[in-house]
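Chain Z is already provided as a structure; the job is to place chain P on it using the hints.
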Amino acid sequence: MENLAGDRPIITLRGVSKTYRRDTIAVPVLAALDLDVAAGEFLALMGPSGSGKSTILNLVSGIDTPTAGRVVVAGVDLGGLDGAALAAFRARHVGFIFQSYNLIPVLTAFQNVELPLLLTSLDRRQRRQHVLDVLEVVGLNDRSDHFPRQLSGGQEQRVAIARAIVSDPSLLVADEPTGDLDAASAAEILDLIGRLNREFGKTVVMVTHDPRAAERAHRVLHLDKGVLVEAVRREQP
Amino acid sequence: MTRYLPFILRNTLRNKRRTALTVLSIFISLFLFCTLRTVITSLAASLESASSARLITRRSTSLTFMLPVSYRDRLAQIPGVADASWMTWFGGIYIEERNFFAQFAVDPQRYLELYPEYKLTPEEKDVFRRERTACIVGEKLARKYGFEVGDRITLRGTIFEGVWDFTVCGVAHPATPDLDTNWLLFNGEYLNQRMGDFGQVGAFVLKLDDPARAGDVARTVDATFANSAAETKTETEKAFQMGFISMLGNIQAVIYALGSAIVIAIGLVSMNTMMMAARERTREIAVLKALGFADRTVVGLVLAESLLITLAGGLLGAGLARLVFGLTDFTAGGFFPSFTVTDGTVAQALGIALFLGVVSGVAPAWNAARLHIVDALRHTG
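Sequence lines, in order, name chains Z and P.
Using my numbering, the final residue of the first sequence is 237, and nothing's skipped along the way.
Using my numbering, the final residue of the second sequence is 381, and nothing's skipped along the way.
Isolated chain Z, as found in the complex:
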């Protein structure tokens, strides 16, 4: 086991393997992977397509299950959870930031951000306050009534980040968060994710192909064919 994180881990993977089936063909993606991610850490996963980095993201966020091994996140062993419990786990502990934002086009920025709060017991007034607070954090409180089509790519991603943090999860998983953005917008988004990590203590696991994005992380793991090939620990940015 390689424990790269010095502090208390929020994510622990032990002997995790994942094999996909394409018709009758078995495609191994991860092989007996061990990994710890400390609470408050900013981890970047890099590697070529098919190296297994997105699979790690899917496993730690509870939207996929391993073929073998154990995944423990925020003290919860995901292997023991059924579909409903996994959904509740995601709602409570995980914030998703997707490459293509994945906002609901018929909802305004406000309503998109409010979505995760519909699963909570908060009343309408409390939900509103939470949404306005996080829109302020991402600098979009003046765009709350805008629909996604009325926003730029960078603004859409900021709405998506607001949606990811509105229920105050401990873990943010970001899959190529700057992949669809121009350089200036990408820098803004990375600044924002860095700030969420530093100021709000969010643990961030980010998949990226972009070395400039990876530079923001505390630690960069390189994967190839499902195996960790290199780990680089960076100075705190």
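Accuracy of the hints is not assured; some may be wrong.
Label-pair distances were calculated between CB atoms; the ranges are [unchecked claim]:
#, chain 1, residue 1, chain 2, residue 2, range
1, P, Arg10, Z, Leu132, 35 to 41 Å
2, P, Arg370, Z, Gly201, 34 to 40 Å
3, Z, Arg149, P, Pro6, 37 to 43 Å
4, Z, Arg149, P, Arg143, 53 to 59 Å
5, P, Arg370, Z, Ala26, 21 to 27 Å
6, Z, Arg149, P, Ile264, 37 to 43 Å
7, P, Pro6, Z, Val227, 44 to 50 Å
Calculated cross-link-like contacts (lysine to aspartate or glutamate; reagent style DMTMM-like; alpha-carbon spacing at most 25 Å) [stated by the list, open to error]:
#, chain 1, residue 1, chain 2, residue 2
8, P, Lys119, P, Glu161
9, P, Lys16, Z, Asp145
10, P, Lys207, P, Glu123
11, Z, Lys225, P, Asp375
12, P, Lys238, P, Asp73
13, P, Lys144, P, Glu123
Just so you know, the hints here were simulated from the structure itself, not pulled from any lab data.
Even for Gly, the Cβ is constructed at its ideal location relative to N, Cα and C.
Chain P in isolation, oriented as in the chain Z frame:
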């Protein structure tokens, strides 16, 4: 579920044209359903209003052949018969053929007494008995054409040729709202005299001492005139009216078959719409599930959307049917005494809308629940 309502509404209105067309198709089908079912309930209501305390005696061969008016006195003497009167179908045209309503030449002395459920003043009855060209119009007919006491009504005879002028001497009001009042009665002596004292009538109405003995009395009546030149067929008023209705074939079966076909066809349309809507949103459903929406919540959202569409169509269809037929006083040219969309019909239409909503939503909801998040997030449809 109320907190999800804005989200469900937004999704429902996402493709406004498609939603509007689906709602429209359900609206039309359930409007038709309400109309067809009201045909059945209206016919049933008209049968209910028929009395079992009265018998109708007509020619055994066919309603189109007549009976001698002289039978009346013999009928009145048959044990169990309290009183006997007569009527003749006139079949005239008021201005033009489409203004159809029933017209009967009736026994001026007794006929009105056999139908106490139609209210007339003693003065109106008195004039009807005395005046040769007097006629009485039912309340609905009077309202439809604006007839008032003293007005002249001219009918063009079809069975009894010529132009026939009548003077309205009274307007009959029904004791209960389900009674038909879309008719005109005139003094039968007028018909008899103009036709050269021909002494024939269409049918006799017999008032019974005891409705429980209707069968015995009917058999006695028919036996009395058996082997005569004009044999009779006697039945209760209700059976007599059912005979009219059965002439139209098995309406009920046809209507139910039509109704079922419509519901199934629209169900398939609605199911297709919901499948398309859900398929287009595969990725969004995956995002919701990633955010922590449980399968049952996603199922609820898809079903709620489906129900919203079908119930909107159902409410429009049933509501408008009730409103249109209620406001226009529709009677299909006088064929139905009243054509009222009942609460039961509205409830059935809404029940069908609910059923359609569940049936069309269940497949896409099931698919949404089974959706694998990782695969669906890659979906580019």
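| Okay, Z:Arg149 versus P:Arg143 on CB: inside 53 to 59 Å? | Once the Cβ atoms are compared, 57 Å apart, the range 53 to 59 Å for P:Arg143 and Z:Arg149 holds.
| task | May I ask you to test the hint 35 to 41 Å on the CB atoms belonging to P:Arg10 and Z:Leu132? | result | 20 Å, violated
| field | Holds or violated: P:Lys119 to P:Glu161, with C-alpha atoms at most 25 Å apart | value | 31 Å, violated
| query | Taking only the CA atoms, is the gap from Z:Lys225 to P:Asp375 under or equal to 25 Å? | reply | Roughly 20 Å between the alpha carbons, so the hint for Z:Lys225 and P:Asp375 holds.
| request: Sort out whether P:Glu123 lies within 25 Å of P:Lys207, counting only the CA atoms. | output: OK: P:Lys207 and P:Glu123 at ~23 Å, within 25 Å.
| At the C-beta level, are P:Pro6 and Z:Val227 separated by a distance inside 44 to 50 Å? | 47 Å, holds
| query | Within a Cα-Cα threshold of 25 Å, do P:Lys144 and P:Glu123 meet the stated pairing? | reply | At roughly 24 Å apart (the allowed maximum being 25 Å), P:Glu123 and P:Lys144 satisfy the hint.
| request: Confirm or reject the claim that P:Arg370 and Z:Gly201 have a C-beta distance inside 34 to 40 Å. | output: At 37 Å between Cβs, range holds.
| request: Take a look at whether the Cβ-Cβ distance between Z:Arg149 and P:Pro6 falls inside 37 to 43 Å. | output: 18 Å, violated
| Does P:Lys16 pair with Z:Asp145 here, judged by a C-alpha cut-off of 25 Å? | 21 Å, holds
| query | Could one say that the CB atoms of Z:Arg149 and P:Ile264 fall in the range 37 to 43 Å? | reply | 39 Å, holds
| In this structure, is the beta-carbon distance linking P:Arg370 and Z:Ala26 contained in 21 to 27 Å? | 22 Å, holds
Hint compliance for this structure: hints 1, 3, 8 are not met, and every other hint is.
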